[in-house]
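What follows is the residue order along each chain.
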Amino acid sequence: MRSLYLNVLIFCCLPYYVIAENININVVDNDHKALPDMVVYLQPEDDISLPFNEKVVEVGQFDRSFTPYISIMQLGNKVNFKNKDDITHHIYSPIGDNKFSFKIRAGESQMKSDFQQTGEVAMGCNIHDWMSGYLLIVDTPLFGKTDEKGRLDLPMPPAGKYQLIVWHPQLDAVNNRVYQPIDLSEQKQVTIKLDNKILKISEQKSEEDFDFLSDY
Amino acid sequence: MKSLQTKIFLFFVLLLLLVQAIALWTIVEGNKSQERQEITNRLSTAKTIFNTQFNSRRDYLTAFAETAAKDYGIKQVFEDELRSLLVAMNNHRKRIDADLAMAISSKGLVTAQLVLGKNQAGESKVKQGSEREQAFRFPQWLESQEQSHLYVLGDSVYQISLSPMNVGAKTIGWLAFGFEINQELAQHFLDITQLHTDFAIKIGEEWRLIASSNSAAQLDFTKQVVNGETPNDYIAIGHLVDEAGQLQLALAMYGLRADIVAVLQEQWWQFLILTFITLLLSLSAAYIIAASITKPVKQLVKQAKIVASGDYHQTVEVNDSSELGQLANEFNAMQSAVLSREKAITHRANHDPLTDLANRSVLKVALQNLADREQAFTIFHLNLSRLKDVNETLGHDVGDWLIKAAALRLSTLDEFQLLCHIGADEFILLAEINEHSSTELLVSRIHQVLEDNCEYQGINLQLQVRIGIASVPEHCHDTKSVLQMADTALHHSHKVSQLVQVYHQGLDVNSVERLNLINDLKDAIIDDQLELHFQPKLDLASGIVTHVEALVRWRHPTLGMVPPDNFIHIAEQTGQINALTHWVFINSLKQYNAWCEVGLNISVAVNISAENLKAPDFYDFICQSVEKYQVPAEKVTLEVTESAVVDDPEAAIAILQKFKDRGMRISIDDYGTGYSSLAQLKQLPVHELKIDKSFVQRLCDDEDDRIIVRSTIELAHNMGLSVVAEGIEDEFALNWLARNKCELGQGYFISRPKPAKELTAWLLEKKVYAFE
Chain A
1 MRSLYLNVLI
11 FCCLPYYVIA
21 ENININVVDN
31 DHKALPDMVV
41 YLQPEDDISL
51 PFNEKVVEVG
61 QFDRSFTPYI
71 SIMQLGNKVN
81 FKNKDDITHH
91 IYSPIGDNKF
101 SFKIRAGESQ
111 MKSDFQQTGE
121 VAMGCNIHDW
131 MSGYLLIVDT
141 PLFGKTDEKG
151 RLDLPMPPAG
161 KYQLIVWHPQ
171 LDAVNNRVYQ
181 PIDLSEQKQV
191 TIKLDNKILK
201 ISEQKSEEDF
211 DFLSDY
Chain B
217 MKSLQTKIFL
227 FFVLLLLLVQ
237 AIALWTIVEG
247 NKSQERQEIT
257 NRLSTAKTIF
267 NTQFNSRRDY
277 LTAFAETAAK
287 DYGIKQVFED
297 ELRSLLVAMN
307 NHRKRIDADL
317 AMAISSKGLV
327 TAQLVLGKNQ
337 AGESKVKQGS
347 EREQAFRFPQ
357 WLESQEQSHL
367 YVLGDSVYQI
377 SLSPMNVGAK
387 TIGWLAFGFE
397 INQELAQHFL
407 DITQLHTDFA
417 IKIGEEWRLI
427 ASSNSAAQLD
437 FTKQVVNGET
447 PNDYIAIGHL
457 VDEAGQLQLA
467 LAMYGLRADI
477 VAVLQEQWWQ
487 FLILTFITLL
497 LSLSAAYIIA
507 ASITKPVKQL
517 VKQAKIVASG
527 DYHQTVEVND
537 SSELGQLANE
547 FNAMQSAVLS
557 REKAITHRAN
567 HDPLTDLANR
577 SVLKVALQNL
587 ADREQAFTIF
597 HLNLSRLKDV
607 NETLGHDVGD
617 WLIKAAALRL
627 STLDEFQLLC
637 HIGADEFILL
647 AEINEHSSTE
657 LLVSRIHQVL
667 EDNCEYQGIN
677 LQLQVRIGIA
687 SVPEHCHDTK
697 SVLQMADTAL
707 HHSHKVSQLV
717 QVYHQGLDVN
727 SVERLNLIND
737 LKDAIIDDQL
747 ELHFQPKLDL
757 ASGIVTHVEA
767 LVRWRHPTLG
777 MVPPDNFIHI
787 AEQTGQINAL
797 THWVFINSLK
807 QYNAWCEVGL
817 NISVAVNISA
827 ENLKAPDFYD
837 FICQSVEKYQ
847 VPAEKVTLEV
857 TESAVVDDPE
867 AAIAILQKFK
877 DRGMRISIDD
887 YGTGYSSLAQ
897 LKQLPVHELK
907 IDKSFVQRLC
917 DDEDDRIIVR
927 STIELAHNMG
937 LSVVAEGIED
947 EFALNWLARN
957 KCELGQGYFI
967 SRPKPAKELT
977 AWLLEKKVYA
987 FE
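Protein chains in written order, with the numbering used here: chain A, 1 to 216; chain B, 217 to 988.
The hints are simulated quantities; they were obtained by calculation from the structure and are not laboratory data.
Mixed in with the good hints, there may be bad ones.
Using 27 Å as the maximum straight-line C-alpha spacing, the simulated BS3-like pairs for lysine-lysine come out as follows [claimed, not checked]:
| # | chain 1 | residue 1 | chain 2 | residue 2 |
| --- | --- | --- | --- | --- |
| 1 | B | Lys521 | B | Lys580 |
| 2 | B | Lys286 | A | Lys200 |
| 3 | A | Lys112 | B | Lys286 |
| 4 | B | Lys844 | B | Lys957 |
| 5 | B | Lys323 | A | Lys197 |
| 6 | A | Lys103 | B | Lys844 |
| 7 | A | Lys99 | B | Lys844 |
| 8 | A | Lys200 | A | Lys145 |
Covered by chain A, according to a simulated footprint, are these stretches of chain B (three or more residues, beta-carbon under 8 Å) [stated by the list, open to error]:
| # | stretch |
| --- | --- |
| 9 | 281 to 294 |
| 10 | 385 to 397 |
Bear in mind the structure is a predicted one, so any value in this text is a computation, not a measurement.
From the three backbone atoms N, C-alpha and C, an ideal C-beta is built for every residue, glycine too.
Construct the entire structure; sequences and hints are all you get.
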């Protein structure tokens, strides 16, 4: 009797989890291998208005690299550039619609809230050439990065047709994006198989040894 | 004939030429290979320089493009307004003086292009390129790892390097910088390599010359060089730089061969002149060496010639301590050895080895001298008597000793100008005739020195000489004859057993024409030159002639009458005596018959030689002849000399016995001169003895002869033999013999030998002798 009860409990719970208003997205490559760290966002097709999600995105500089490598924000969010190193960084993005450039001294941070356009912001450090980071500005609150297993759970938006977009700076596709239309009234689980390759992600590491830096 | 000097010189010349030729050849080959090496080096160096410089330009561009692409300033204006980008790019361009600068957007569009050109005034001027806003023509380059490329823009070709411009990992575009491949670069290479440099491009099959340091550059020539078909009067190297699939940059570096080797050619002349000078010096040295080696040799040759001519007093002087000096010394030693040997030989040639006295050749010279001076002189030809006996009994050593003893004594005589020893026991003394000397005195001097006996190991030996003497000009005028005359005189002294004989003409009969007679005798018998004379033998009892002795005479066509003594001896020695005796015998028989016809009954006596008795057919011949001419045997008398029997008594006795048995009369001729013993006489089958004329001629004066003849007659009679005496020259002898019962007499007193005709008349007178 006890086992029957447990089985019934599990059975009851599963639909509940589904009913908990989340959409499960899986990103895999051709060989069904999980692709982590892929940006996925949902762009409504129909005239669906989604609520603005107020939050501050942190783009850190730590150990002379952008942490995280990829950051995502909804247009209008504030971005906090936080220098966690003991050295000055000169963060800049010279191309596109969201050019900026400023220095952040060690341990300080710089809040920026004036990004006007969606799109990718490729960032570099004028002092540390190898540092490379991306900030993707999207016009939707539904976005995230896949985890180690290539999975991303997003809260279920109102039903309707959406464009599911996978982006990665090294994704070998036009605009580094793969589009897949989905109808959220039907699908709660989406697996996206990417035929495109992920190009080599350059390491944010100096080719030379900067031992002498510790001395100044 | 080549002289030694020439040979040595030639040898050196050949050697030097060979050495020089080898050296020359080695250097020629060395130089050629050096030249080739130099050219190869030069070309490969030029190519290396080109590659190095070309690559270093490339690397420089690449490094610079990379640096520029990282420049924040340019990144900031990359998408800004064009003017800012152009200014920023030009700032970079100026730093390296690049000829081309380009910006390419991430979309592959050429967003900015700066080209350095020249305006009409020749000043450098930067302009915007024509490709702005056009797609970059080589999008594959953008993705390629290869950053450096050849870029054609209009008429110009650039060496460019592309570098991506990144923001972090994001490539936001590309920057390119380029250097033009132009005349300036070509000139640069010319300056460094001294080789002209052409640049051409080849797109597909189309060639285009783009720049050259050579204002007269030809595309065809460039192509030839690149294709490895360089004309021979050039040295060149070609090279192609490949821009994958697009085009090829052709490089030709070249120079005139003549210009390159000019320096080497100059070295050549220097070397040839040096070689020539070296050769001249070497040849001069060779000549001096050859001359210095051969100089003493020439000296030797010259002096050797003098010595060879017989002048032994010249010594060879070579001031040289080397082998040649030693040779000269040896030469001198040899010369003195030759001299002494020649002296010894000359001495031996002119002296008798036993007595060391001058010999016949010295004598001849001496005689010739005397003849030249017309000096009167006398030759004394001496012969040691009885030397043969000494040799046979005491040995030749004693004989020689005796000769030496005689020589020693004779050499003490100072009256003579020359003493020669001309043969075993014969000496010749020569004395010039002057008023103080006389032949008799000289002869007595000779006898005087030889007078004392010699004693040899207790044996007393007498030195007795016979001497033949002849004088010039007394006897003859030539030196050859005078020796012969002395010799003849000496011989005669032997015959007559005298110690001294002076030459006179009478001695000469036997010897002078003897040789001629030998030959002529053969013809004499055939040509009927012989004739028979007969000498009567008188019967001393009855006083009438009952016998004759046949005597042969030779009427020589040129010499006239030759006495029998002269030619019978020759006939005996030359084997002609048989023919002669045959002729005499047969003609005697004929004459017998002739006399018989005129009523004369005369017995004929013929002389028989010892040689006749040895002839095997002689007996038969006599018998046949007697029978043939029908002459009674008892009318024939064979006269045989005592000596003929002595040689071989047994054979002689046997044949004489046969004649006696045959009935012929046998007579012993010249009895008393030989040495036959009475025992032999007793055995001889003879009828009569013929007493030699030497006993008969002096019967009148010599008592001894009379005793001998009387005893002989008595002896003969007692043995039953009759006696004939020959040599009756006076009446006394004739009467004496008749009185002593000698049967027959013969001699001039009765009659000389006469020809048959004359004698026949004489016989027919029938003169009868009466004896007292």
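Hint check:
no., hint, result
1, B/Lys521 / B/Lys580, "violated (31 Å)"
2, B/Lys286 / A/Lys200, "holds (21 Å)"
3, A/Lys112 / B/Lys286, "holds (25 Å)"
4, B/Lys844 / B/Lys957, "violated (36 Å)"
5, B/Lys323 / A/Lys197, "holds (20 Å)"
6, A/Lys103 / B/Lys844, "violated (194 Å)"
7, A/Lys99 / B/Lys844, "violated (193 Å)"
8, A/Lys200 / A/Lys145, "holds (18 Å)"
9, 281 to 294, "holds (count 5)"
10, 385 to 397, "holds (count 3)"
Checked against the numbered hints given earlier, this structure breaks hints 1, 4, 6, 7; the rest are met.
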